[in-house]
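Peer 1: Take a look at the letters that make up each chain.
Protein chains: 2
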Amino acid sequence: LVTKSPIKRKTTTGKVLITPVPFGEIDDKPLRLLEEHNISYMINPIGRRLREDELVEIIREYEALIAGTEPITAHVLQHAHNLRLIARVGVGLDNIDLNFARERGIAITYTPDAPSPAIADLTIAQMLAALRYTHAADRDMRKGVWRSRTGRSLSGCTIGVIGVGRTGRHVIRHLHSWDPIRILANDLVVDDELAKVLDFVWADKETIYRQADIITLHVPLTPQTRNMIGTKELAMMKEEAILINTSRGGVVNEVALVDTLRKRPSFIAAIDVFENEPYSGEMTSLENCLLTCHMGSATRDCRLRMEIEAVREVIHYFTGQPFINEVPEYEYRMQIVK
Amino acid sequence: LVTKSPIKRKTTTGKVLITPVPFGEIDDKPLRLLEEHNISYMINPIGRRLREDELVEIIREYEALIAGTEPITAHVLQHAHNLRLIARVGVGLDNIDLNFARERGIAITYTPDAPSPAIADLTIAQMLAALRYTHAADRDMRKGVWRSRTGRSLSGCTIGVIGVGRTGRHVIRHLHSWDPIRILANDLVVDDELAKVLDFVWADKETIYRQADIITLHVPLTPQTRNMIGTKELAMMKEEAILINTSRGGVVNEVALVDTLRKRPSFIAAIDVFENEPYSGEMTSLENCLLTCHMGSATRDCRLRMEIEAVREVIHYFTGQPFINEVPEYEYRMQIVK
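So the protein sequences, as listed, match chains A and B. Each step along the first sequence adds one to the number in this note's numbering, with nothing skipped, and position 85 is 85. Count along the second sequence from 1, then add 338; that gives the number in this note's numbering.
Be a bit skeptical, because a hint or two may be false.
Said to hold, decoys possible - Derived DSSO-like pairs (lysine-lysine); straight-line CA-CA distance at most 30 Å: (1) A/Lys238 / B/Lys570; (2) B/Lys543 / B/Lys601; (3) A/Lys15 / A/Lys29; (4) A/Lys196 / B/Lys534; (5) A/Lys29 / B/Lys481; (6) A/Lys205 / A/Lys263; (7) B/Lys481 / A/Lys143; (8) B/Lys543 / B/Lys570; (9) A/Lys143 / B/Lys543; (10) B/Lys481 / A/Lys263; (11) B/Lys353 / B/Lys367; (12) A/Lys263 / A/Lys232; (13) A/Lys238 / A/Lys263.
Bear in mind the hints are in silico, worked out from the structure with no lab data behind them.
Same shape as in the complex, but just chain A (with noise of 0.2 Å):
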């Protein structure tokens, strides 16, 4: 393990445990913030998202984490006898046990508008591509194949778009230049003045598989939302539906999923994020599968700022100044709740 030392070396142990892999790498500002505030730190010294285990073994001396995706379950901070907080590099949470982090006394922070347009591009990317067969026009050519596909136009098409958060609002925005464009939208609140200022339409779950031609879906993983696009739900959408998934694996069910993409060849999903990652299942053989490697969050200028929003809380813990974005109550009862 290579311990990175502060520029002023006044501390003598890494206090901060750096996992999200790459960190730091797009600009070192992150790392030179946390230099100048004397705050030596570790970065994961694996190179790829740690497992359990592996985390369980290294955790145990550091009093802060800046978290990726890892499993930071109860086991690995029974493990963590130091740690004081953990600022999550990120919005979604269902890799933490917060409600058992917080029997510890663990503070929980997180990024939560940071990602939202660079996912709300992957998901715009992914309608586009999908509605056009780009993908399978590259890879024909490449194979010395010119084909032209009649696909559909983005305008006209009625989108669903489950979960009005920070993510679904700005896919909101963009769709709205394919006017004319029919939005249906579902969230656990249901908020009027919302959906009059976004200009969408409230529906219910079912209506929206029944009636859109593409669905996106923005919620984070809970107990609610785990497996809520299985058989009976993919079996109400349209013959030539498309399916996004950008958020989290889980939400959608895979088994049931790639059962459907089997069958039908005109239902389309892209899918970014799986129930295990790295995802190397039986979607990868499938033509009617646009794929991508968990990289909603994957531009510079969101990489980068969400960077410094977790750094910045490690600072305000080291100098003793409130947290900017502790995880809102909110998200510890929807662990609990089934």
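Dock chain B against chain A, hints included.
Peer 2: Chain B only, in chain A's frame:
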């Protein structure tokens, strides 16, 4: 050659040759419209874009041609003894010798508005794909490689739009949903009112080449635009520039582009149109090139609208009504001026 007979069979020989492939396949309404007017037609018997020699052989007897992108040269027109109307399905006229056709008393119509929304969709699709490496991720995953690439957000980019006609305007309207975004545009005619309404800045081409993160071309192929983007222009572009061409192949010099793509791995091109189509050249082996096969207008609604508009012109010809979209005078002039 199979000649489709009209339902009422009042005419015994085909009067109209339909060359675009496919035609009337998404919806047979365009063919039904011809049949309802007792206008007999023959659909392209070869099933792909006709070569000049093939067209010479076939065209002789026909009075009207519903045309695609096949070469309608002086040589072809010399053999088109009965031809009185070319109804182009689409907007590009570079495949037709307009002035020679006029000399022979042949009217020419086109469908200028129909393709723009679909071409704009493909343009935005390829911008986002290039910014996020989605094609590369899909290819990787199918080879069992899970490798997230850090891309760029569209918001915050400087976009250079060359050609602010129907398609360029559609593209600009979509781009504004990614505010903050900086749009530099260039056209033959500088209209300050248009720049105000669409919220862009007029710039000369060199400024665009040097400053834009993404350059997108929406010009016709004319003597002035042929080879508009060559070695010199490519050399001005940013190290990580993205060049999108959904206009016409000859606008970008392919030898210069291939050379640039080979030498500059961070430079990305998304190319839909080629000097010679079907294309099977060197670009098909380059990782930093996204390929599609001249499918800008290939959406069902757009194709159907184009087909119906072309058919309407043919009906107007046979029923003695004025044309709806006769090719305007400046299109003829542009083919002469060098």
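Peer 1: Indicate, hint by hint, whether the structure satisfies it.
Peer 2: A quick look at each hint next to the structure:
| no. | hint | result |
| --- | --- | --- |
| 1 | A/Lys238 / B/Lys570 | 50 Å, violated |
| 2 | B/Lys543 / B/Lys601 | 23 Å, holds |
| 3 | A/Lys15 / A/Lys29 | 18 Å, holds |
| 4 | A/Lys196 / B/Lys534 | 28 Å, holds |
| 5 | A/Lys29 / B/Lys481 | 35 Å, violated |
| 6 | A/Lys205 / A/Lys263 | 23 Å, holds |
| 7 | B/Lys481 / A/Lys143 | 15 Å, holds |
| 8 | B/Lys543 / B/Lys570 | 12 Å, holds |
| 9 | A/Lys143 / B/Lys543 | 35 Å, violated |
| 10 | B/Lys481 / A/Lys263 | 23 Å, holds |
| 11 | B/Lys353 / B/Lys367 | 18 Å, holds |
| 12 | A/Lys263 / A/Lys232 | 14 Å, holds |
| 13 | A/Lys238 / A/Lys263 | 13 Å, holds |
Of the hints listed earlier, those the structure fails to meet are numbers 1, 5, 9, in rising order.
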